[in-house]
Amino acid sequence: GNSVTQMEGPVTLSEEAFLTINCTYTATGYPSLFWYVQYPGEGLQLLLKATKADDKGSNKGFEATYRKETTSFHLEKGSVQVSDSAVYFCALSVRTNAGKSTFGDGTTLTVKP
Amino acid sequence: DAGVTQSPTHLIKTRGQQVTLRCSPKSGHDTVSWYQQALGQGPQFIFQYYEEEERQRGNFPDRFSGHQFPNYSSELNVNALLLGDSALYLCASSQGREPNSPLHFGNGTRLTVT
Numbered sequence: 157g158n159s160v161t162q163m164e165g166p167v168t169l170s171e172e173a174f175l176t177i178n179c180t181y182t183a184t185g186y187p188s189l190f191w192y193v194q195y196p197g198e199g200l201q202l203l204l205k206a207t208k209a210d211d212k213g214s215n216k217g218f219e220a221t222y223r224k225e226t227t228s229f230h231l232e233k234g235s236v237q238v239s240d241s242a243v244y245f246c247a248l249s250v251r252t253n254a255g256k257s258t259f260g261d262g263t264t265l266t267v268k269p
Numbered sequence: 044d045a046g047v048t049q050s051p052t053h054l055i056k057t058r059g060q061q062v063t064l065r066c067s068p069k070s071g072h073d074t075v076s077w078y079q080q081a082l083g084q085g086p087q088f089i090f091q092y093y094e095e096e097e098r099q100r101g102n103f104p105d106r107f108s109g110h111q112f113p114n115y116s117s118e119l120n121v122n123a124l125l126l127g128d129s130a131l132y133l134c135a136s137s138q139g140r141e142p143n144s145p146l147h148f149g150n151g152t153r154l155t156v157t
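Sequences listed follow chains A and B, in order.
Heads up, the first sequence stops at 269 in the numbering used here, and the numbers go up one at a time, no gaps.
Heads up, the second sequence stops at 157 in the numbering used here, and the numbers go up one at a time, no gaps.
I should point out that these hints are in silico values taken from the structure, not numbers from a laboratory.
All C-beta atoms, glycine included, are put in the ideal place defined by N, C-alpha and C.
Keep in mind that a hint or two might mislead.
Here are some chain A residues pointing at chain B (derived, C-beta under 8 Å) [what the hints assert, rightly or not]:
hint: 1; residue: E171
hint: 2; residue: F174
hint: 3; residue: Y195
hint: 4; residue: T207
hint: 5; residue: S241
hint: 6; residue: S257
hint: 7; residue: F259
hint: 8; residue: G260
hint: 9; residue: D261
hint: 10; residue: G262
hint: 11; residue: V267
hint: 12; residue: P269
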């Protein structure tokens with residue numbers, strides 16, 4: 157079956173620090189990969205996505221590259237801000253199971269000024 | 044442009060009771076998926092509705108059922124509630140059944156079973 161594994165949290169960083177949140181996956185077929193973010197008191201929202209190998213998704217200074225050889229989709233940001241404090245979820249969906257997304261357990265990020 | 048709306052926001056039920064949760068998808072979206080999110084975990088797929096039919100189902104018992112209406116809105120019904128059903132229930136909408144289409148989530152319904 158499909159699965160997503162995220163690095164365990166929580167992660168606490170100082171403002172302007174470099175962020176990496178690891179995500180690896182197993183999937184049957186050719187998955188699309190996503191990062192969703194959940195800010196305090198809000199619903200999940202798409203942060204970025206990549207639909208094929210070597211694609212790089214980017215948004216709001218965050219980046220992630222679809223690495224088929226290592227089955228990974230690590231999230232990075234060069235300089236985090238206090239406003240980036242949230243829970244980050246890595247997810248995949250496979251064409252043969254359209255709409256049935258598989259999520260990781262989430263990584264809580266806290267950025268301190 | 045209204046996003047995904049869910050009601051109610053919070054609900055408290057007693058074990059053995061039945062509950063109905065409601066969802067209106069984002070304008071222009073025709074597919075609704077339901078997820079259960081336990082505390083500290085990622086969302087778990089319950090099922091998906093498209094063209095008023097259940098198209099995909101996750102590993103949830105038959106106590107979980109749903110419906111989609113002609114206006115694309117959807118309901119999630121849970122019968123014979125168990126304490127373990129306490130969770131945040133998320134509705135997500137998307138356009139068609141294209142896997143590359145990202146999900147748009149509502150803020151969820153927090154269900155507590157006592």
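*Hint numbers not upheld by this structure, sorted from lowest to highest*: 1, 2, 3, 5, 11, 12
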